[in-house]
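Using the sequences and the hints, build the whole thing.
Residue numbers (the numbering used here), protein chains in the order written: chain A, 1 to 275; chain B, 276 to 773; chain C, 774 to 905; chain D, 906 to 1393; chain E, 1394 to 1474.
Calculated directly from the structure, the hints in this document are not laboratory data. Every residue gets a Cβ at the ideal spot worked out from N, C-alpha and C, and that includes glycine. Incorrect hints may have been included.
Said to hold, decoys possible - Computed cross-link-like contacts, EDC-like style, restricted to lysine to aspartate or glutamate with a CA-CA straight-line distance of at most 20 Å: (1) E/K1417 / C/D896; (2) E/K1417 / C/E894; (3) C/K832 / A/E43; (4) B/K632 / B/E714; (5) A/K194 / A/D120; (6) E/K1473 / C/E897; (7) B/K337 / A/E48; (8) E/K1473 / C/D896; (9) B/K580 / C/E905; (10) D/K1071 / B/E714; (11) B/K574 / B/D476; (12) A/K44 / B/D342; (13) B/K574 / C/E905; (14) C/K832 / E/D1399; (15) A/K2 / C/E897; (16) B/K384 / A/E193; (17) D/K961 / D/D1062; (18) A/K2 / C/D855; (19) B/K481 / A/D28; (20) A/K44 / C/D855; (21) C/K832 / A/E193.
As the list claims (entries may be wrong) - Some chain C residues judged to face chain B by a derived CB distance under 7 Å, without partners named: (22) M801; (23) M814; (24) F817; (25) F824; (26) T875; (27) V878.
The chain contents come next:
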Amino acid sequence: MKIIGLIVAILVGALLVYAAADFPAWSDPASPASTYLSPHFIEKTMEETSVPNIVTAVLADYRGFDTMFETTVIFSAGMAVFLLLRTFRREEPEARHYRHVLTGVTLRVKEGGELPPSDDFERIDSLWTPHDLIIKTVCRLLIPFIQLFALYVIAHGHHSPGGGFQGGVILGASIILLAISQDLRTAVKRMAEKLDALLCSVGVLIYAGTGALCLLLGLNFLDYSALASVLHVDSIMARSHGILIVEIGVGIAVMCTMIWIYNNVSSGGKYNQGL
Amino acid sequence: MSLQYPALIVVVPLLSALVISIAGWVNKRWCFPITVAALAVAAYSSVGLLFRVLDEGVIVYKLGGWDPPMGIAYYVDHLNGLVLAVVSIVALLNAIASKKSIEQEFPEKIGPFYTLYVLMVTGLLGIVVTGDAFNLYVLLEIAALTGYGLIAMGGGRGPLSALNYLYMGTIGACFYLLGVGYLYIMTGSLNMVDIAGILPDLYQSKAVMAAFIICMVGVWIKMAFFPLHAWLPNAYTHAPSASSSLIAPLVTKVMIYVMIRLILTIFTPEFSFNILAVSKPIVWLSVIAIFMGAILALKERNLKKMLTYIIIAEVGYMVGGAWLGNRVGMTGAILHIANDALMTLCVFLAVGNIVYKVKGAEFEDLQGLFRKMPFTMGAFIIGAISMIGVPPTCGFFSKWYLISGAIQAGHYGFMVALLFSSLVNVVLFFRVFEICFYEPFSDHHGHGHDRHPEPMDEAPVTMLVPLFIVAAILVLVGLYTGDIVNHIIEFAIPKGLV
Amino acid sequence: MADLISIIVAKYNYWIYITLMMIGLYAMIAKNNLVKKIVGMNIFQTAIILFYVSIGVKKGATIPILEHGHGGHGHHVVHAADYVNPLPHVLMLTAIVVGVATLGVALALAIRVYNQYNTLEEDEILAQIREE
Amino acid sequence: METIISIKPLLAVLVSLLITPILASSRAPNVREAWTFVAAVAKVLIIASMVPAVLKGAEIVYTVAQVVPGVAIKFRVDALGMLFALVSSSLWIVTSAYSIGYMRALKEHSQTRYFVFFALALSATVGVAFSANLLTLYLFYEMLSFATYPLVTHHQDPEARRSGRKYLLYIVGTSIGIVLPAMLICYNMTGTLEFSMQGIFAGTEPKATMVVLLLMLVLGFAKAAIMPLHSWLPAAMVAPTPVSALLHAVAVVKVGAFSVLRVLTGVFGINLLTNLHLGTVVCYIAAFTVITASLIALTQDGLKRRLAFSTIGQLSYIVLGVALLSPKGMIGGMTHIAMHAFGKITLFFCAGAIFVATGKKNISEMVGIGKRMPVTMIAFFIGSLSVIGLPPTGGFFSKWYLVLGTLQADQMPMLLVLLGSSLLNAAYFLPVVYKAFFCTSEESMFQNTIQEAPIWCVAPLVVTAVGSIVLFFYPTLFLNLAKLAIGG
Amino acid sequence: MVWPIDLAILTLVVITSIGALMVKDLLGAAILFGAYSFMMCLLWTVMGAVDVAFTEASVGAGVSTVFFVAAVFRTSRRTKD
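Now the structure itself:
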């Protein structure tokens, strides 16, 4: 296999090197890529969509269809991971572990066993190690700020780097951070599995639904200027708002999918304990 | 509304996939009706679209209202109109047919399964309908990712096969992406028609040639063209019935469509056949593919796996036909996309029925099936006969065009390969029939004894009716080959190709 | 020699991308460990992203966010030469997302395989299959 | 020439195809067999209703679908096709009756399947007869191959499996491996596959490829059992006797011979064959088969196997007659389709009846059987006479015309072949009859009481035997059709 | 663009990528892959692709690495190559 791999890699490399000789010089302003379509985007974005961040404008409007499917890709990945890993049946009876908070005594409760009704016990993972208080506290403090930043990234995507996707990933990361610093149960308590899964679909649905709404309003799919009549703005601002709406959809979808994938991967689909 | 057909084809399944995923959490029983309704709308729109194309010629649909090449546009011409109709009809029939087997194989995950199923169909339809080279990549990945999930649901070696498929599929898709990047760096455009307009000045460029080669290799990996086929047999064999009867008929065929689109639209026949002058070696490669597919199929003792090797041979048919470089061969390749999709569906649905009842597709499991499942086997025979290439089933006529193309191109090796594969198919299928027919041998053979046959144990009606419909379509498409070729495929191939 | 160096320097991004791609491709084919293959796959994908991003670079241009964009539209004439090409960036955003989606599915599959065979080494898995 | 557009040819093909679902779903054997008869009679009536028009020189045409540019799935009823269709459809009625007797007497299993595929086979046969072009002919030829496979392997035992494999290997292997490419090469040379008097190569320059094509097409239709592609036929004898009868007399082998006739007269055309002297080539191939098969037949002890080799020889008469390219020879070859059919089917019926009544398969075990089964053995005698070509049976006429044909074509070697082969025919048939009747009571292997097979078995063979004799006195219909078929 | 930084990053990209593939511990490979992604992200920032870099920082260096770690935790760290 190694030899085949080497041969293939070298063959491909040789072909690419051979072809690269014909490329326009690197960072050449006169290359076809820089002179054919991009000037239109750079010069007309402001007029046509009123979004200064050209990448956002192109992403969510000119090539909004790509982005809708990009969101769908991530959604299908979440769905596929769920389908592959999630097991609802418990294959073997598992022992649960509890820790008495005050004394630090850990109890192993067999399947079906009961604990004395007390609030002093907390459930822990089987591979539990004592939590570092610093990490726990810092994360708890950080997470709201991370989330706030994420919302800013989504909302300010028109004017600065960022947008629904980056914001969504950061939002998702904040919950994942919670799951890592505490445990999976805490994170799932914040974001229940069903809610998470539903929001995934809803996020994509916002995107595709906006497109479909444009279609129902009589213009082509994803032509946000159709929203002008609904939003009571001119058609260019409608595009700007349309972009915001779909970015929010992307944000929701991406956030939830990231959490979903993480939960499934880290718990092996059992949702009982994470890392 | 008919103006919006191109969008509806993709958007309706997409939206319903999302609704299904929600319904899966609320009430599982809603998933199936929504799936069928969505696919029915897609099928209706695609057939409607095909008829509109027949009337009006190429239909351009601007997504987001942006003019191409700024925005993304759909171009529906005769070529993808035909493929769209086939894909959506196959998906619809398979969805109906596989309801029971899905309920049997994974009752808990009906919702996610149907979601991925419909998303996969969305991806495939999108690949076919789009006119943007990069958009095609994204849709390719949707079809692929959902495909990995659907395949890995099969037990046993399913996950491992799916993982291998994922590695190969990702390499293939990335190669395609890289090829598109090469085109973009040379032309600055991503719109297929636009690229085709710019390219003629660049035909001598090494980068364009490299782009072509890389794209081709990527697509070949995805369609399992020999020797890049290693992922296919295991993946398709170990997939659950419902997935394999969706994926086997469609994925390779859609990738062939992409290849033909690359040849005909983006790079134009002029470049592909005349300037590059690689037709001959590629046809020889497909000859090898056909021989190897046929020979490897011979050694398999599992019905499903045997069929997967036949698919590899069939891919060889279409690649070879497309690369013969003449009109007849191309006609054969395009016709075979439709025909092969339908006949693969037919045999895989029949196998699905068998697996549903017998719980296996090893040759030993097949004994006495003619008695046990006569209707399923009847339809299987029609599918098999079509694969062998016997008139009036459709498989014969595409083979007719392919062989004619080979004769016109003077490429007798390809003709021999096609005939060889037909003969091997006879052996393969009649070996199966023999097992179903003769075995188990009765103890006291001869006359005067009424045997005590196994009682009939047929698959449910919902599985049989779609199977019969497909079998009937095989014959009908065969009889209407003339019309399909004259009214659709004739216009799908550019005038320049003779 | 000077020519060669100038060629190397002129397109060194491309050479790096080709190197990374070869590394990734080699790892995907030759590595025995399933997760290592996935790492290779990601390197392969990022190499292509690097290639696309390199297409977009333009000498003397700045990031593709319009200055003075906050005060409504049409007040300032925008020159295309001032901003790098945004299109490859858009495409690559999509490609990154596709990459992470593939990664998620691949890892899920790897876990399934591990649960089944209790190893991630391909040769050991194949040996187990052969034994069956 | 007048051309009538009518759906009748299609109906004639479909009538037996459409009853297959009814046959397959009917539970009661009587209902099933009643439907078989209804279809058989309907088929004969439809075909017969077209006879007057054909005799007037008209052609009945019906196009089903235009499938490939220049080629359609199309039916055309001309004199030659009509001759063949009449023979096969009328014999179907008789064979059905015989099947009922035979299958019930032996309590065979899967009788429903048997009747269904029998009906399918007949559809295909009539389809071949009425094909207007090579593609349609190929379609029904293949359909016949697959429809007869379950019949040949009816017993579902290892021996049937072996024979079935051999059958498929020869029949389907040649049709896909040889006929299909030959057909496609023809198509690509001329752009059409339509049969016509001048042949489809009428407009093209003669080329060396044509010789190859001719050999491919003549040998490729392996159902005609021209040596060296004949050995499937004896192997297929494992089938129940009515199937053998069908195979030999009605459907399969005659379809092969008919296809070869079509190739010679419709695809290449007499003129081209004459110009290229290709007729002689085919003549010698056929003559070789005639003599060799007859010699092998002499050595066979199994009655059905002897009949099988006899059939191989007789089929080549048909091919030989047409390949002589003289009008008389062609008439002889064409009428031989009908004459041989009646004679040979009688012989097979007799073999089956003997098996049903006594369980005997070998000739050496049949000494004195004439006394036990006089009716059967008399019919056997008549059948033998017809196959040998002696009056007062129909076989005489075809042989007579064949001999005249050799004289007309000035082919003395062929004359010798025909006469020699007739002697051989007599040599392998007449001893059977002789030993059946003329033996001392010590030699006789049977009791001296008359004990025939069931009436359903005996009646059909009487009918066909009488038919052979009637054809001697009233051969005009078939002779006229044959004369029309060669164009005057 | 400051070329020494550029060159250093490019070198590091190649080194980390090879390292991620060579190291005999999957957890180490995951972390090195994170570093690789981060280097890539820096490279793209230098090229002016801020959005791409932002995404790569959050996805490649962030979430992907976490996914890797989670998967390695669920399976095994052992690797032969």
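Against the structure, the hints come out as follows:
no. : hint             : in the structure
1   : E/K1417 / C/D896 : holds (17 Å)
2   : E/K1417 / C/E894 : holds (13 Å)
3   : C/K832 / A/E43   : holds (18 Å)
4   : B/K632 / B/E714  : holds (18 Å)
5   : A/K194 / A/D120  : violated (29 Å)
6   : E/K1473 / C/E897 : holds (11 Å)
7   : B/K337 / A/E48   : holds (16 Å)
8   : E/K1473 / C/D896 : holds (10 Å)
9   : B/K580 / C/E905  : holds (18 Å)
10  : D/K1071 / B/E714 : holds (18 Å)
11  : B/K574 / B/D476  : violated (50 Å)
12  : A/K44 / B/D342   : holds (13 Å)
13  : B/K574 / C/E905  : holds (19 Å)
14  : C/K832 / E/D1399 : holds (15 Å)
15  : A/K2 / C/E897    : holds (17 Å)
16  : B/K384 / A/E193  : holds (15 Å)
17  : D/K961 / D/D1062 : violated (51 Å)
18  : A/K2 / C/D855    : violated (47 Å)
19  : B/K481 / A/D28   : holds (19 Å)
20  : A/K44 / C/D855   : holds (14 Å)
21  : C/K832 / A/E193  : violated (49 Å)
22  : M801             : holds (6 Å)
23  : M814             : holds (5 Å)
24  : F817             : holds (6 Å)
25  : F824             : holds (6 Å)
26  : T875             : holds (6 Å)
27  : V878             : holds (5 Å)
The structure shown violates the earlier hints numbered 5, 11, 17, 18, 21.
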